[in-house]
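What follows is the residue order along each chain.
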Amino acid sequence: METNLADVTIYIALVVSTLRMATPLILAGLGGVFSERSGVVNIALEGIMLIAAFMGMLVSHFTRAPWLGVLAAVASGIAVAALHGVLCIKYKSNQVVSGTAINLFSVSFTGFMLRKVFEHAGQSPPVPKVADWTIPFIEKIPVIGAMIGKHTPFVYLSLLAVVISHFVLFKTRLGLRIRAVGEHPKAAETVGVDVFAIRYLCVLLSGALAGLAGASLSLGFLSQFRENMTGGRGFIALAAMIFGKWTPYGTLKACLLFGFADALQILSQTLGLTFIPTDFLLMAPYILTMAALAGIIGRSVPPAASGIPYERQQ
Amino acid sequence: MQRRLAFLERGFLTLQKSMKAPIVEMRAITVKFPGVVANDNVSIDVYPGEILALLGENGAGKTTLMNVLYGLYRPDEGEILIRGESASISNPNDAIQLGIGMVHQHFMLIPPFTVAENIVLGIEPVNAGGKLDINKAIHDVEELSNQYGLIVDPKAKVENISVGMQQRVEILKALYRGAEVLILDEPTAVLTPQEVDELSAIMRGLVSQGKSIIFITHKLREVIAVSDRVTVLRQGKCVGTGETKNTTAEELAQMMVGRKVVLSLEKEPAQPGDTVLKVDDLHARGSRNLPALKGVSFDVKAGEIVGIAGIEGNGQSELVECLTGLRKATSGHIYVNGIDVLNNQPRTLIEQGVAHIPEDRQNRGLILDFTVAENFILRNYYRPPFAKGINLDYRKVHAYARELISEFDVRTPSENVLVRSLSGGNQQKVVVARELSGEPKLLIASQPTRGLDVGAIEFVHRRLLAQRDQGKAILLVSLELEEIMSLSDRILVIYEGQIVGEMTADKATEGELGFLMAGGRTKRGLLTEGSEESGQYRRRTQEPLKTSFSHIS
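For the record, the sequence lines run as chains A and B. Start counting the first sequence at -12; every next residue gets the next number (the numbering used here). Start counting the second sequence at 663; every next residue gets the next number (the numbering used here).
Here chain A stands alone, though its shape is the one from the complex (with noise of 0.2 angstroms):
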């Protein structure tokens, strides 16, 4: 009886840690599905994410109030995605690079307001953290309450962003519009379709899905910010879009098999499983990741405009 007890914890585990690694990684990669079906590649999430961690905690710490915190994760996330799009949209400058300084800078960015604000490296002080939701009823079920019921508002959060991109991207006419934007820019334009105005939309909502997932890591995991936090779950992210093939669900699927992953390494340090090393289960997300890239697992074509900054002709 006793090793079925613990085999049960176990599966509890997984999940609940399954959820907790993806919920980061959902957000981010919803971001990067609007931005690059509007046809911006968004390579800044990872910046963006670290800037929205750190100002999401320093909101927190001064008002000692954690939404507030999330809502100012949001905003700046925003903002930085604002400086994206304007380099990219605007400007039509290189979308990988714009993205790349914008990661760089945030690394070095977020480094040195922690020293300035805290006089402090490596790590904030502890903060006010965004409290658990308990979902009433599905909390008393056995097994199944103690894997769902109880989480960060953030792993509903995304769920529900899951949800409703899907809805925004294919069942409604901006979604449409979206879409065509990031197919064929031109067309879009001939029939009145403002390529532009769809573009900022797409990378500000980018931003505050990416401020979101910063959010969620320095007030919904953690109750403090850590100098590189986000330890390349942008780019996880990203992979995991291009993975789902750029839809939502693809990409809620994606996000769920690369948490999965990470919580199968979690949970084999914990439990001390050494017939694999940790460092393989270390490994494992992102030789998925890579392997995605390349297209050995499941082909897929992104939207044809991607990445390629739209000029109006004259």
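Read the hints as simulated data drawn from the structure, not as lab findings. Glycine is no exception: its CB is placed at the ideal position from the N, C-alpha and C atoms. Any given hint could turn out to be false.
Subject to a maximum C-alpha distance of 27 angstroms in a straight line, what follows is the list of computed DSS-like cross-link-like pairs (lysine-lysine) [unchecked claim]:
#, chain 1, residue 1, chain 2, residue 2
1, A, K173, B, K798
2, B, K694, A, K173
3, A, K232, B, K793
4, B, K817, A, K173
5, A, K232, B, K817
6, B, K907, B, K929
7, A, K158, B, K793
8, A, K173, B, K907
9, B, K817, A, K158
10, A, K232, B, K819
11, B, K694, A, K240
12, B, K694, A, K79
13, B, K694, A, K77
14, A, K173, B, K793
15, A, K158, B, K881
16, B, K819, A, K158
Have a look at the derived ranges for each label pair, beta carbon to beta carbon [what the hints assert, rightly or not]:
#, chain 1, residue 1, chain 2, residue 2, range
17, B, G948, A, W120, 48 to 54 angstroms
18, B, N1078, A, F154, 46 to 52 angstroms
19, B, R947, A, I263, 38 to 44 angstroms
20, B, K990, A, E298, 49 to 55 angstroms
Far from chain B, by Cβ distances over 12 angstroms, these chain A residues were calculated [unchecked claim]:
#, residue
21, T50
22, E126
23, I253
We have chain A already, so just place chain B on it with the hints.
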């Protein structure tokens, strides 16, 4: 009134449609681009229920003028009146509001979207909840398609439908927006002769329901066949306008080019020699990894031009790429002068005497940011006299370039000018000069006159014929049926990666070729069915083929 008199002086009879007022009047439109005046004081008018042809060579300013009407360009000077009222059209939305619709030469359709989605994009129907009402969209499209006899499948994805249907989708797109005036930009360029006939029937149907059509073209025959009136542009200027029935193709050609032109090419009968190129059961995959060539076999002899006719995307590009070493074939044989060169490197093929005029001169034929001289030596820069150890002997390169420039009449300030800055015709002359100067045995010319004006076309055609008469083997791939028919000695028709017909040029008719190009089966093809030794050779003899349709003769 004075302008009208001026037209009369130019030999045109302009009958005023006294009863009706024009729906569109463009007055003295001038559009300047850096370095060129694309439209110079051009005026046109369009009456309800008529087809106006806008005729001119590439670069004459036809598309620019229509882009002004559609709000894509702002004119520097001039005025547009719609239904007699002055209109400011600063973007396509304004044009759509005024009842103007445009079918662009390159379709403005989104391939992964359905037909219905493409048609409603921008003015999508939504239901009460703000959700896209795709069922209403489909219903509306079906209704519209029945009203005007434009058959489409609203639920099909655009990437899976034929070019002819894509064009109908474009027309429906304009009609869905309430267009009264339709601008069709070179609508026949991508169609088979049969589809062209269908299109002219559609156009007639539309004007009979009160629509007006502006039809941009450089094909004289189409002007004569479908238009009510014609306006001719040359080098940005309007050189005449009048009723189509009062003019002739010769007259229009002269106005379009500005000098007398010989519309037909004169050539001696071919003197075919030994087989230079032999392709045997060639198979290859296309860019989407689907089979693009499915057992292609044919040969080209010294001193003859073999033309490959077909609609774009039936394996022509892949065939040319296999023959020039740019694409790996999956099986089969390619013999050049008896040597199997299948899947050899392009350089090996060049050294075997294969020259290639690629269909996309800007991406494959030239390095635009290299000078004219550098582009001339791309095939043989690594050999003396141009290579001197690890250096290039630029003195020799430049001397050689000057030689070619004068021999091929390339209009360039010097050999040190970037190819990018030359006109399309002169760019093509650079390609042709480079490829022909290497004394090739086999010349593969893929769409050698695409986008060129009449003068440059004449030049390229003459050069190709001269090469033939010198005993070179020439494979000509072109989407322009007229070009194939006037240059080739033998014509092969390619359809879905197979050669579906072969005939000598003097016995080929456009109807028959068009029928085969569209996948029609020949009587001979049907006869060989069921016979054990059928095979392609049997189906393709030197005799002309008869189609199973009796009305084509």
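Here is what the structure says about each hint:
no. : hint                                  : result
1   : K173/A to K798/B                      : holds, 25 angstroms
2   : K694/B to K173/A                      : holds, 22 angstroms
3   : K232/A to K793/B                      : holds, 23 angstroms
4   : K817/B to K173/A                      : holds, 23 angstroms
5   : K232/A to K817/B                      : holds, 22 angstroms
6   : K907/B to K929/B                      : violated, 32 angstroms
7   : K158/A to K793/B                      : holds, 6 angstroms
8   : K173/A to K907/B                      : violated, 38 angstroms
9   : K817/B to K158/A                      : holds, 16 angstroms
10  : K232/A to K819/B                      : holds, 18 angstroms
11  : K694/B to K240/A                      : violated, 54 angstroms
12  : K694/B to K79/A                       : holds, 25 angstroms
13  : K694/B to K77/A                       : holds, 25 angstroms
14  : K173/A to K793/B                      : holds, 25 angstroms
15  : K158/A to K881/B                      : violated, 44 angstroms
16  : K819/B to K158/A                      : holds, 17 angstroms
17  : G948/B to W120/A: 48 to 54 angstroms  : holds, 53 angstroms
18  : N1078/B to F154/A: 46 to 52 angstroms : violated, 60 angstroms
19  : R947/B to I263/A: 38 to 44 angstroms  : holds, 40 angstroms
20  : K990/B to E298/A: 49 to 55 angstroms  : violated, 36 angstroms
21  : T50                                   : holds, 36 angstroms
22  : E126                                  : holds, 32 angstroms
23  : I253                                  : holds, 39 angstroms
Checked against the numbered hints listed earlier, the structure breaks hints 6, 8, 11, 15, 18, 20; every other hint is satisfied.
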